[in-house]
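Trainee: Dock chain B against chain A, hints included.
Number of protein chains: 2
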Amino acid sequence: MPDRKSYHMTPGEFRRHGRAVVDWIADYQERVEALPVLSRVKPGEVRAQLPPHPPEHGEPFERMMEDVERVLLPGLTHWQSPNFFAYFPANASGPAILGELLSAGLGAQGMLWATGPACTELETRVMDWLVELMGLPAKFRSDGPGGGVIQDSASSAALCALLAARERATGFAVNARGGDGRLTAYASTQTHSSVLKGVRVAGIGDRNFRAVETDDACALRPNLLREAVRRDRAEGKVPFFVCATVGTTSSNGMDPLGPIAAICREEGLWLHVDGAMAGTAAVCPEFRRFLDGLDGADSYCFNPHKWMFTNFDCDCFWVADRAVLIRTLSILPEYLKNKATESGAVIDYRDWHIPLGRRFRALKLWFVLRHYGVQGLRHHVREHVRLAQDFAGWVRASEDFELAADPPLNLVCFRHRGGDDCNRALLERLNDSGRLFLTHTVLGGKFTLRLCVGQTHTEERHVEAAWTAIRAAAR
Amino acid sequence: MPDRKSYHMTPGEFRRHGRAVVDWIADYQERVEALPVLSRVKPGEVRAQLPPHPPEHGEPFERMMEDVERVLLPGLTHWQSPNFFAYFPANASGPAILGELLSAGLGAQGMLWATGPACTELETRVMDWLVELMGLPAKFRSDGPGGGVIQDSASSAALCALLAARERATGFAVNARGGDGRLTAYASTQTHSSVLKGVRVAGIGDRNFRAVETDDACALRPNLLREAVRRDRAEGKVPFFVCATVGTTSSNGMDPLGPIAAICREEGLWLHVDGAMAGTAAVCPEFRRFLDGLDGADSYCFNPHKWMFTNFDCDCFWVADRAVLIRTLSILPEYLKNKATESGAVIDYRDWHIPLGRRFRALKLWFVLRHYGVQGLRHHVREHVRLAQDFAGWVRASEDFELAADPPLNLVCFRHRGGDDCNRALLERLNDSGRLFLTHTVLGGKFTLRLCVGQTHTEERHVEAAWTAIRAAAR
Numbered sequence: 202m203p204d205r206k207s208y209h210m211t212p213g214e215f216r217r218h219g220r221a222v223v224d225w226i227a228d229y230q231e232r233v234e235a236l237p238v239l240s241r242v243k244p245g246e247v248r249a250q251l252p253p254h255p256p257e258h259g260e261p262f263e264r265m266m267e268d269v270e271r272v273l274l275p276g277l278t279h280w281q282s283p284n285f286f287a288y289f290p291a292n293a294s295g296p297a298i299l300g301e302l303l304s305a306g307l308g309a310q311g312m313l314w315a316t317g318p319a320c321t322e323l324e325t326r327v328m329d330w331l332v333e334l335m336g337l338p339a340k341f342r343s344d345g346p347g348g349g350v351i352q353d354s355a356s357s358a359a360l361c362a363l364l365a366a367r368e369r370a371t372g373f374a375v376n377a378r379g380g381d382g383r384l385t386a387y388a389s390t391q392t393h394s395s396v397l398k399g400v401r402v403a404g405i406g407d408r409n410f411r412a413v414e415t416d417d418a419c420a421l422r423p424n425l426l427r428e429a430v431r432r433d434r435a436e437g438k439v440p441f442f443v444c445a446t447v448g449t450t451s452s453n454g455m456d457p458l459g460p461i462a463a464i465c466r467e468e469g470l471w472l473h474v475d476g477a478m479a480g481t482a483a484v485c486p487e488f489r490r491f492l493d494g495l496d497g498a499d500s501y502c503f504n505p506h507k508w509m510f511t512n513f514d515c516d517c518f519w520v521a522d523r524a525v526l527i528r529t530l531s532i533l534p535e536y537l538k539n540k541a542t543e544s545g546a547v548i549d550y551r552d553w554h555i556p557l558g559r560r561f562r563a564l565k566l567w568f569v570l571r572h573y574g575v576q577g578l579r580h581h582v583r584e585h586v587r588l589a590q591d592f593a594g595w596v597r598a599s600e601d602f603e604l605a606a607d608p609p610l611n612l613v614c615f616r617h618r619g620g621d622d623c624n625r626a627l628l629e630r631l632n633d634s635g636r637l638f639l640t641h642t643v644l645g646g647k648f649t650l651r652l653c654v655g656q657t658h659t660e661e662r663h664v665e666a667a668w669t670a671i672r673a674a675a676r
Numbered sequence: 202m203p204d205r206k207s208y209h210m211t212p213g214e215f216r217r218h219g220r221a222v223v224d225w226i227a228d229y230q231e232r233v234e235a236l237p238v239l240s241r242v243k244p245g246e247v248r249a250q251l252p253p254h255p256p257e258h259g260e261p262f263e264r265m266m267e268d269v270e271r272v273l274l275p276g277l278t279h280w281q282s283p284n285f286f287a288y289f290p291a292n293a294s295g296p297a298i299l300g301e302l303l304s305a306g307l308g309a310q311g312m313l314w315a316t317g318p319a320c321t322e323l324e325t326r327v328m329d330w331l332v333e334l335m336g337l338p339a340k341f342r343s344d345g346p347g348g349g350v351i352q353d354s355a356s357s358a359a360l361c362a363l364l365a366a367r368e369r370a371t372g373f374a375v376n377a378r379g380g381d382g383r384l385t386a387y388a389s390t391q392t393h394s395s396v397l398k399g400v401r402v403a404g405i406g407d408r409n410f411r412a413v414e415t416d417d418a419c420a421l422r423p424n425l426l427r428e429a430v431r432r433d434r435a436e437g438k439v440p441f442f443v444c445a446t447v448g449t450t451s452s453n454g455m456d457p458l459g460p461i462a463a464i465c466r467e468e469g470l471w472l473h474v475d476g477a478m479a480g481t482a483a484v485c486p487e488f489r490r491f492l493d494g495l496d497g498a499d500s501y502c503f504n505p506h507k508w509m510f511t512n513f514d515c516d517c518f519w520v521a522d523r524a525v526l527i528r529t530l531s532i533l534p535e536y537l538k539n540k541a542t543e544s545g546a547v548i549d550y551r552d553w554h555i556p557l558g559r560r561f562r563a564l565k566l567w568f569v570l571r572h573y574g575v576q577g578l579r580h581h582v583r584e585h586v587r588l589a590q591d592f593a594g595w596v597r598a599s600e601d602f603e604l605a606a607d608p609p610l611n612l613v614c615f616r617h618r619g620g621d622d623c624n625r626a627l628l629e630r631l632n633d634s635g636r637l638f639l640t641h642t643v644l645g646g647k648f649t650l651r652l653c654v655g656q657t658h659t660e661e662r663h664v665e666a667a668w669t670a671i672r673a674a675a676r
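Chains as they are written, first to last, in this note's numbering: chain A, 202 to 676; chain B, 202 to 676.
Extracted from the complex, chain A is given alone in its bound form (with noise of 0.2 Å):
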């Protein structure tokens, strides 16, 4: 081996790739659009042609660039391209990039005030405008006895939601001696499956889990959620928890937080909201209509990574009482052990969710805020919904598709009217023609398409070029 002094790369050679990769990714953004968005790799394609053993010497990094764009990109489906209708979004912006990068750069630690002054008081600042932002109850405010925290997702979220829920209603007495299986959570069938995982995860038991039904707008039916609580409460189990939905992932259904919020208030329930992707909708006023009611809620998130420019991952989660949560999910050893937190005057974050250790997420959302500015957030949110209602319309006006459900805001559930086997072989034929990437559900039975318009670049001309490779597909 020879004894060389340092195998780092320099500040020097930092500042000559870094540039190539700025420039390598405004040149993605340019072209993207041209992509397939769909990946046609098979499984094992990208794998065969990785070498099957590590380097044993470094290599320039003009070479790992190279394999990025020959090996990777094709096996990489399109998040970014305008032509990317699938799921939700999962969209990003030039300031949220660049905010990742600094703090990728500076590579802070924000699990304790004391590790990182600035990252936790920009993310209780930021979380405080969004609070603002979107109308959200003040009781969320990190100036009351509530807060916000940046989770990776909003798996996490629910999952944080349902333990200090568990806690909350048992006295803490399952942090200290385990469950006893009698906890009860409840949501809708339509509830995302991330709210079961944390069913599971929290010890709580599918089998405590209640799926309650949905009206035809695929919103949960509060008296059936009554009456499921109560039936379980005649039978010795402790309701706890219900998670509602503001715009549910198949259909954006929204389910009715004011009614909800009486029965958890009466029944003594946490009561959850999801907003991940709709949630987003708020910035515009003429939106919250969704969220009426949501002042009856313990904690709520939504995904900036999924609608508001922010790159994956960045969930905003905020409670009512963070005593709860953080005693749920505190513990201090010695070696973490500072002046700053034992004065009580410093948020630590590290107390407010699953991991230790934290990134500096709140730069790319600050960057955002300040880059586009409430004003530039409204103009975008409301072309998206805009177009989704355009594309609605035009699916209403044909004689061969059919809305599966009406769209509230940005997502369109609709299918041919050729039944399931022909929407199937329509969406196969169409996400392999490399122009658009659709997904689908099952509504009512049905196999419905999805269109969900939320990539930051989707503009009118891609709608109307997804609405024209739809129908020339059908025919």
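Be a bit skeptical, because a hint or two may be false.
As the list claims (entries may be wrong) - No farther apart than 30 Å at their CA atoms in a straight line, the calculated lysine-lysine pairs in the DSBU-like style are these:
1. A/K243 with A/K647
2. A/K340 with B/K340
3. A/K243 with B/K340
4. B/K438 with A/K438
5. A/K647 with B/K538
6. B/K540 with A/K647
Rather than coming from a laboratory, the hints here were simulated on the basis of the structure.
Mentor: Below, chain B alone, put in the same frame as chain A:
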């Protein structure tokens, strides 16, 4: 509101601002050594400089970068300073930072194979590379029944291990029906607090966690573990999980894996091994003795984001039997169904951890491995160990200081002979100086200073300067 067509950052603007951020980071790398390591701000000081309301209108990118410099920088503790010797390191490197940038720019989602085949297949390949590179048991490779996945942190890895163990022990009964308060978990008194946190989260309960006493080297005493397990069994408890640590946080204590694994095998317990920081040492064959016995483990993790030049977050987690983990965490709703998943020929990493969404973290790890090569990684890890051992030698040779434990690798626990108050004052004076940052622990009832050598750019001169500063401050 003026009718602007777009508020997005154009690719051209991205090039310009991206270069500015790259240059800012390169400048930061060049000057970080001169900055006070531990931030000097008081609670609330950063927040007070941030406007109380979100910006109505977008702002120029330059202004955001000015605020990074003026408002945030003084509020940061510099984890990337070569004078950072606190906690465990969370180091980084040029190739890692650029991998993170590229990941953000691509904005790909790796939750399913189908949503980003290259994300999944690169991750699988890189995790297999690490098994070879670090001499880990072959059963952790993905071409058998095992496999590896990137988690955000060792906390989440421990939680996933606990969950899979919980379900294996109960025939998936807790997933189905919730817990009954009988499961018991074991680790040492020196185990990281994240394991107890996981015990809480998983609904096991603090009182069902046994913190087994350690020997003089802070290593778990196997005979006490065996006794604890048998005592619990005799009392009707159901022992199911042991966490052994390779490099405890306080003092880098090394639990004896062989004897612990033997007990786990006899008693049918899941053995999880946490090598969060020290695990990186296994890139050098001469440091692998601490992993003797790892072939008896069911799961293992270490954090490239601590000592392997990969910015947070990047925890590598392996299991010997992926089927148990997947069955524990998998739920497949209609909207995630796809042909590749149904074929069984692919890995869907969402079933290997708590969150659903996941970013392309394998990219930065791949960049690090290719940039350094095995040779480069070994060189720098050896250097860090050598520097720590040199420092330990100086402490040993001094009249005023003593070692609190023999340092197995790169963490030195030491104290002034003057007693707790003296050491507390010494630590405060050193950290207030801004010239270095150390943290403390308590060992054998005594306040103890910790010096961990692991920041990417820490060289001999920094460790020498630390020793000089420590002696000067003590006088």
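Trainee: Now tell me, hint by hint, if it's right for this structure.
Mentor: Status of the hints after comparison with the structure:
no., hint, result
1, A/K243 with A/K647, "holds, 29 Å"
2, A/K340 with B/K340, "violated, 51 Å"
3, A/K243 with B/K340, "holds, 26 Å"
4, B/K438 with A/K438, "holds, 24 Å"
5, A/K647 with B/K538, "holds, 15 Å"
6, B/K540 with A/K647, "holds, 18 Å"
In this structure, only the earlier hint numbered 2 is contradicted, and the remaining ones agree with it.
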